[in-house]
Amino acid sequence: MSSWQAVLRKDLRIEFRTRYGVSAVIMFLLITVAVILYSTPGEQLQPSIISALLWITLFFGAMTGLARSFVSEEERGTSLMLRLYASGESVFIGKLVYNLGLMIALAISALLFFQFFFTRDFHIRDWPIFSLQLFLGAVGIAAVSTILSALISRASQKGALLPIVALPILMPLVIATTDAMRITLEVPSAWVGARGDILILISFDIAMVLVSYVLFDVIWKD
Amino acid sequence: MWCLGVALAIQVFVAFETPIGGSFDDAVTLAMNGVQDVTPVKATLLSADSSSAHFTDLYGQQGIVHETNKSNGKYQSYKSGDILVMSVAYNRNEKSFDLVEIIRVNPIMSFPMIQGLGELGRNMLFHVPMSMVAFIAFFLGTIYSILYLVKKDFDFDRRARAASAGGFLFTALATATGSIWARFSWGTFWNWDPRETSIFILLLIYGAYFMLRSLLEESEDKKARIAAVYNIIAFVSVPFLMFVVPRITQSLHPGGGGTEAPIINLSGQTHTDRTLLNMHWISVVLFLFVFLWIKDIYTRILRIQDKRAEEI
Chain D
54 MSSWQAVLRK DLRIEFRTRY GVSAVIMFLL ITVAVILYST PGEQLQPSII
104 SALLWITLFF GAMTGLARSF VSEEERGTSL MLRLYASGES VFIGKLVYNL
154 GLMIALAISA LLFFQFFFTR DFHIRDWPIF SLQLFLGAVG IAAVSTILSA
204 LISRASQKGA LLPIVALPIL MPLVIATTDA MRITLEVPSA WVGARGDILI
254 LISFDIAMVL VSYVLFDVIW KD
Chain S
-9 MWCLGVALAI QVFVAFETPI GGSFDDAVTL AMNGVQDVTP VKATLLSADS
41 SSAHFTDLYG QQGIVHETNK SNGKYQSYKS GDILVMSVAY NRNEKSFDLV
91 EIIRVNPIMS FPMIQGLGEL GRNMLFHVPM SMVAFIAFFL GTIYSILYLV
141 KKDFDFDRRA RAASAGGFLF TALATATGSI WARFSWGTFW NWDPRETSIF
191 ILLLIYGAYF MLRSLLEESE DKKARIAAVY NIIAFVSVPF LMFVVPRITQ
241 SLHPGGGGTE APIINLSGQT HTDRTLLNMH WISVVLFLFV FLWIKDIYTR
291 ILRIQDKRAE EI
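Line by line, the protein sequences are chains D and S. Going by the numbering used here, the first sequence opens with residue 54, and the numbers climb by one from there. Going by the numbering used here, the second sequence opens with residue -9, and the numbers climb by one from there.
Hint data in this document are derived by calculation from the structure and do not stem from the laboratory. Each residue gets a CB set at the ideal place from its N, CA and C atoms; glycine is no exception. Warning: the hint list may mix true and false statements.
[As the list claims (entries may be wrong)] Here are some, though not all, of the chain D residues that point toward chain S, as calculated from beta-carbon distances under 7 angstroms:
| hint | residue |
| --- | --- |
| 1 | 90 |
| 2 | 204 |
| 3 | 249 |
| 4 | 260 |
| 5 | 268 |
[Unchecked claim] Rough simulated footprint, nothing fancy, chain S against chain D, three-plus residues with beta-carbon under 8 angstroms:
| hint | stretch |
| --- | --- |
| 6 | 141 to 154 |
| 7 | 217 to 224 |
So here's chain D without its partners, still in its complex pose (with noise of 0.2 angstroms):
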């Protein structure tokens, strides 16, 4: 068993231990799907106004799982025993994974969510590229979280400063999903309007993995 595999099954023993991931983004969804029913009761909500409200709950939600991945290492005090025992790029890998796994679990759950709640305004008509830009979304806001949420577990006001820094960055890509689902949402063919999107996307992605895995070593070893 590789390395990056172990941190990942020491993270998943955890969160089944605890469940403090899984029910935080749960009990997240719930009041945000909550608040959007309440305050728009009987509206039409616009395909471009669903798939902003369906980002901004993944996005945040994503902050809340998400942010603890290192976070919760400094606090247990348990870090500098992961930095004896695994290298610095299969923590890495580990972190990447879990949050991912995280993250698509976040969006299916969200999703099946909206499609209970909205079921008259959250019609998918072209599923692949639905899909396709959900999990290039995933990708890229676990990656940059895992690499952000090292950063900040060394700063002094842990928790509310990574969507502050985070979501500048994510913004390119927030952009693009939304426009992404937007178009999939309103035609059933979406790849001819959403290619641009998709593209920035997977440059996006690739960008961001690369430079995160390269860069993780610096903040990890002291």
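Using the hints, position chain S against chain D.
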């Protein structure tokens, strides 16, 4: 340094003093579309008699301009071959032009009339170079951050900080000039146009960079390392914000949605008048030197501050 000041002052003077003159076609189009009745035109005098004159503009189109009671100039005093920049009103009935005012005779250079912009086109010499310099500044800041991580020399961190601060300043200046431009071109100071949104996010990114630095409770060395990493990650999304997203989405700015823009566009060709483009590049170079000067001063301030902190 005073050379730079003088050059910048001359550049600003030229930007405001150079007359703007279009073609007879511009005058006809703008009058027929009801945009404006009086349009500045640049044309060469062919022949003049007591009350009217025959002109040919830069594109070889000929036009007859009549003097009226209201106009303040007389053609009699000019000889044929003189280049006149004058504001004319299109006379629909006679398909000729009425002279309103002679602005300049034989100007050293003139800017073309950009339809829909007119006099506002001068801002192209401030707004566009400032945003270009801002991008170069952020790029330079990232290079310094990488150098810091490679060489562990604390001076590169100060330079990275100074370059990013300079970039922040020039982004703010580009936002301010753009906002004034937007007020007179589109009606409001701020429209949440894609490019305006992305420059706003750019300000947020570098605001977060300075904030992150002040919130870190670590040794100076570790602080510098974390800030350098953030700076490099932040720069990954800068090209997306400045070049990619505004170009593929519908925008009020030229170049949005894949349309042709005067300076940079998808086909990589410029359709801007040579004079204006050359002046624009001179502006870019001058503002770049202003940025390097500011960066240098700020680096020295940071060096002194650090030295002071060590002594205490």
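Checked hints:
The interface hint given for residue 90 of chain D is violated, since its Cβ lies 26 angstroms from the closest Cβ of chain S, which is over the 7 angstroms cut-off. Hint status for residue 204 of chain D relative to chain S: holds, with the closest Cβ pair at about 5 angstroms, below 7 angstroms. Because the closest C-beta pair between residue 249 of chain D and chain S is about 4 angstroms apart, less than 7 angstroms, the hint holds. At about 5 angstroms, the closest approach between the beta carbon of residue 260 of chain D and any beta carbon in chain S falls short of 7 angstroms, and the interface hint on this residue holds.
Because the closest C-beta pair between residue 268 of chain D and chain S is about 5 angstroms apart, less than 7 angstroms, the hint holds. With a threshold of 8 angstroms between beta carbons, the proposed coverage of the stretch 141 to 154 of chain D by chain S is violated, since 0 of its residues qualify and at least three are required. A stretch counts as covered by a chain when three or more of its residues have a beta carbon under 8 angstroms from one of that chain; for the stretch 217 to 224 of chain D and chain S the count is 7, and the coverage holds.
Of the numbered hints given earlier, the model fails hints 1, 6; all others are met.
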